[in-house]
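J.: Under numbering that gives the first Met the number 0, the residue at position 238 of the sequence shown is numbered 237, and the numbers go up by one with no gaps.
Think of the hints as simulated: they come from the structure by calculation, not from any bench.
What you are looking at is a predicted structure, and each value in this text was computed from that prediction instead of being measured.
It is possible that some hints are incorrect.
Stated by the list, open to error - Taking lysine to any residue and the SDA-like style, the derived pairs with C-alpha atoms no more than 25 Å apart in a straight line are:
1. LYS63 / TYR243
2. LYS220 / THR250
3. LYS63 / LYS145
4. LYS259 / LYS67
5. LYS172 / SER126
6. LYS223 / LEU200
7. LYS63 / GLU242
8. LYS67 / SER46
9. LYS72 / SER126
10. LYS223 / SER199
11. LYS313 / LEU84
12. LYS63 / ASP140
13. LYS67 / LEU84
14. LYS283 / ALA309
15. LYS259 / TYR284
16. LYS323 / ARG160
To be verified - Simulated DEER-style distance windows between Cβ atoms:
17. ASN117 / ASN219: 20 to 30 Å
18. PRO38 / GLY113: 15 to 25 Å
19. TYR59 / ARG28: 17 to 27 Å
20. SER207 / GLY318: 21 to 31 Å
21. VAL105 / GLY318: 44 to 54 Å
22. SER247 / LEU196: 29 to 39 Å
23. ARG231 / ASP286: 41 to 51 Å
24. PHE255 / PHE168: 31 to 41 Å
Glycine is no exception: its CB is placed at the ideal position from the N, C-alpha and C atoms.
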Amino acid sequence: MRNFLLALSFLLYHTLCIGQIAGSWIKTRVVFSNNTELPEDMELKYSYARYTFERDGNLYISMKYDSKGTAVKYVTDNNVLTTSLKETGMPLNCYKIEEYNDSSLVLLQSGRSGFDGNDCLRLFLTSEKKYTSSFTATMNDIFSIKGPDTIFVANDRLFPRYKGKGELFDVLKSGMPEQQSADMRFLATYVVDKNGLADSLHIIEGISKDFNRIILKNFNKIRKNWTPALYRGRPVAVLMTQEYRYFSSETMLPVFDFGKKGKDAIHEGDYGKALYYFDLAIKKYPDNVELLYQRAVCRGYLGNNDAACADLEKIKELGSNLGKELQGRFCK
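Can you make the complete structure from the sequences, with help from the hints?
T.: Pasting the structure below:
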């Protein structure tokens, strides 16, 4: 009986720990364990990240607000949270739960030496409810106004949720034949109205008639699988964007090579050399957000604030918030 009660108390405690942190959390800041700032070239410093803990022990980590994210398993033991691959159970990361309340969560991610090394990362997270409720729209967040109806532009604080199975990115191109190795782009917009109905698919840039037809067919299947966005507690219509990119090896191999050489040069502290390689990479892939961010950092370190600001503005035009905190420094 005593062993049974001990086992039961452990199960209840474990369930309580999972229940406490269940929900979605947004990273708002990340520092090293000694509270020193991350270097500017580490994209994690400013990139969007959402951690969704479910009560069944699944954790979804997403670097894009409109994606459910990558699924892993998690367990808690006292104040330590461990993640592992769903398929094999192979351990991934350990986190120490340093602080928790209804609206904030602080996790210390272990480094090469566990929780004692200076390479540990301290993640400050806020509940997604608090994060999104603090949003106040400006004129740049509005797509159109027709009478009493306003259509907002999706962002990481205001967006509808796809509630169907799988990732929307994959669902929309379900049944698509393998594409040839070539530089191609599909870009479309659509509106998810305040009733959660997706409509008004507008193909801005298509790839082929067959490609466009399959996207349209799949889009019509999932039109009702949405939860509308909420603004100030009320459902609103939001304009969404969907993009697919395909590249030839002649484009991507040099991009990977130049990008790697640029990042290596940053780590060596040679920002002039890094800038040279990022320029070459961006000539091949002009609207790559990560490359533009790294070039902005280089230009900022070299004192060319206007050029750094131009890269950050381009990132913003591409619909990403990466590096928005740097705009206050470089965009005077």
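J.: All hints are to be evaluated individually against the structure, with a verdict given for each.
T.: Cross-check of the supplied hints:
{"no.": "1", "hint": "LYS63 / TYR243", "in the structure": "holds (15 Å)"}
{"no.": "2", "hint": "LYS220 / THR250", "in the structure": "violated (34 Å)"}
{"no.": "3", "hint": "LYS63 / LYS145", "in the structure": "violated (30 Å)"}
{"no.": "4", "hint": "LYS259 / LYS67", "in the structure": "violated (28 Å)"}
{"no.": "5", "hint": "LYS172 / SER126", "in the structure": "violated (32 Å)"}
{"no.": "6", "hint": "LYS223 / LEU200", "in the structure": "holds (14 Å)"}
{"no.": "7", "hint": "LYS63 / GLU242", "in the structure": "holds (13 Å)"}
{"no.": "8", "hint": "LYS67 / SER46", "in the structure": "holds (16 Å)"}
{"no.": "9", "hint": "LYS72 / SER126", "in the structure": "holds (20 Å)"}
{"no.": "10", "hint": "LYS223 / SER199", "in the structure": "holds (13 Å)"}
{"no.": "11", "hint": "LYS313 / LEU84", "in the structure": "violated (36 Å)"}
{"no.": "12", "hint": "LYS63 / ASP140", "in the structure": "holds (18 Å)"}
{"no.": "13", "hint": "LYS67 / LEU84", "in the structure": "holds (16 Å)"}
{"no.": "14", "hint": "LYS283 / ALA309", "in the structure": "holds (18 Å)"}
{"no.": "15", "hint": "LYS259 / TYR284", "in the structure": "holds (14 Å)"}
{"no.": "16", "hint": "LYS323 / ARG160", "in the structure": "holds (24 Å)"}
{"no.": "17", "hint": "ASN117 / ASN219: 20 to 30 Å", "in the structure": "violated (53 Å)"}
{"no.": "18", "hint": "PRO38 / GLY113: 15 to 25 Å", "in the structure": "holds (23 Å)"}
{"no.": "19", "hint": "TYR59 / ARG28: 17 to 27 Å", "in the structure": "holds (21 Å)"}
{"no.": "20", "hint": "SER207 / GLY318: 21 to 31 Å", "in the structure": "holds (24 Å)"}
{"no.": "21", "hint": "VAL105 / GLY318: 44 to 54 Å", "in the structure": "violated (30 Å)"}
{"no.": "22", "hint": "SER247 / LEU196: 29 to 39 Å", "in the structure": "holds (38 Å)"}
{"no.": "23", "hint": "ARG231 / ASP286: 41 to 51 Å", "in the structure": "violated (33 Å)"}
{"no.": "24", "hint": "PHE255 / PHE168: 31 to 41 Å", "in the structure": "violated (22 Å)"}
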